[in-house]
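Required output: the full structure, derived from the provided sequences and hints.
Respectively, the protein sequence lines represent chains S and R. If you read the first sequence in my numbering, its first letter stands for residue 10, the second for the next number, and so on. If you read the second sequence in my numbering, its first letter stands for residue 86, the second for the next number, and so on.
There are no misleading hints in this set.
Residues from chain R that face chain S, not an exhaustive set, calculated with beta carbons under 8 Å:
no., residue
1, 130
2, 132
3, 145
4, 150
5, 156
6, 167
7, 174
8, 338
9, 349
Only pairs whose alpha carbons sit at most 25 Å apart, straight line, appear in this in silico BS3-like list of lysine-lysine:
no., chain 1, residue 1, chain 2, residue 2
10, R, 95, S, 210
11, R, 129, S, 203
12, S, 210, R, 129
13, R, 272, R, 129
14, S, 57, R, 172
15, R, 172, S, 203
16, R, 269, R, 249
Everything labelled a hint here was simulated from the structure, so no lab data went into it. Backbone N, C-alpha and C define an ideal beta-carbon position, used for all residues, glycine too.
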Amino acid sequence: MRAPGVYFQEGNIACAEGAMAAGLGLFAGYPITPASEIMHHLARALPKTGGRFIQMEDEIASMAAITGASWTGLKSMTATSGPGFSLMTENLGFAYMTETPCVIVNVQRAGPSTGQATKPGTGDVMQARFGSHGDYEMIALSPNSVQEMFDFTVKSFNFAEKYRTPVVLLADAGIGHIREKFTIPEKIDLVERKRPLTDDKEFFHSDAEDHVPPMPAFGDGRELLVTGSTHRGNGTRDTAGYETQDRLVRRLKAKIDDNRNDIIEWEEDEVDDAELVVVSYGSMSRPARGAVSKARQSGLKVGFFRPKVIWPSPEKRLRDIGTNSKILLAELSLRGYRMEVERCVGSENMHVYDRLNSLPTIDRIYRCIKEVMK
Amino acid sequence: MITGKELREKYIRNQPTAFCPGCGDGMVLNSMSRAVESLGILRKDIVAVSGIGCAAWVVSPYWRVDTLHTTHGRAIPHAIGVKVGNKDLNVVVVSGDGDCVGIGGNHLIHACRNNIDLTVIMINNGLYAMTGGQVAPTTEYGERTITTPYGNPSHGMDVTKIVKAAGASHVSRWTTYHMRELTKEVKYALRKKGLSFIEVLTQCPTRTGKKDRLSGLDMLQWYKENTSKTPEEGKITVGRFVDIDRPELADEIYGQITASGGTPR
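Written as structure tokens, this is what we have:
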């Protein structure tokens, strides 16, 4: 683990450093391009901090292992790319249902299927939100720099602990592999999971305002029942009852929904007077930001909007922007965030610059801006 | 000496259980509880992990210890996370044959290879019982099940041979007829460092029994007559097949943490 200071490194290394700074207790993973550097770095560095590193037989097992470890009181994480994330979605649903804090890093590559392993893409945005079965909500963050790979990894752990839920760090190969300067700050704010009081009996229901129950650990002597089946507040299964299902599934959703204002985060620039706002995220947001600056310099009224937390989406702000300006979504996929942005701003108002395989030049996006503004 | 009633009060919750009349799952639960009681292990130091199926219910909700009731076939990798997370815990996996070696077969093989300190009890009734009696990887060639109405065109496998080849420290097979031996074996497994695998052949009066018109008791009788503690033509061998010592995964990981200058969190 690096000391506070300024470093020149690739995004995946910054992610691994961020995890250790957040207090990572166990990493379990399976090799995959373009995410492997995270596990390479942790294999060497994590044991020195007292954390456990295991390479598992596949991504199904990796997701399972971090879930099991979280119940021993450790902060846990895995890292993968699209094909591995597909395998993880089964146990991601289990972690969600059992309210198990953990972090899943998806350094997205060009899909579908094996696609192009070394090339960036953002085709997993919907999968991060909807990939597992049943009704659920997910928190997913979208970094666009090496610094944000560090910062957002810490933030992912904080959300996971605070809301007792799995969190997805949705990076892409562009950000995972770019090398640039980043700072490990002297002071990092960390959130730790709510622990139960001696008399607490309910670890799967909460009437608190944030809807988050306290989380005990295995070995505490509480005879815990942790199950992915529908369960009551004390953990006992209710395989058929209406009320238990309704109360549990709605509360889990409310945990994210009702705390949305604490979770969502975006950056925007020169949106107020803009006739067109470019919406972009991940590595694509960098040339997109450049194109917006260029357009402004040439006198066009163009603004920039970037969700940092991609799920839950900054729905209300997008809607407001869409009322006053045209929207140009620039993304590294055909269906990444498109449906969500379209849902917020309406299809008449929405234009898309989509690209596959690699980042475009600033000029390409700039030309598209001019075209849309004609 | 604890009485049967005391044992039940101490180790089993939610009585009566949902197991069918004549089911062997409760017998395995009895055996596990007796083993823990006689070793004097505290219930708070045990974590029981299970997947999906009738066997998964043996520990969740019935065993009064910390339980993690996971997805189908994934009990073992969840259990690895628990054991590596806190190696002071005794981690027990109870899994059916479909769960353990069908959908979860790859995890089982690798857990044996890693020689992680788990006690894996595979309750083998030779088919998928909870979902309606479909053919399993353990169903014998030619057997009729609801998905092999013309006879099983495939072959059942001997899981003890697989886990032996994969590197488990301790491998054995018993049946629900052999309750005393089974209890001793669970005791041994809980103390044994590394992966312990116990296959328990268990009657399913609801699925197999209905088809073959056999009661739970008939099937116990069958186990009595068709098993042998020494290899014998036409009989199923029971007993302890492997008992070796190899480095264990959690110990190795903690050792590397200490050797690299860290202190396990």
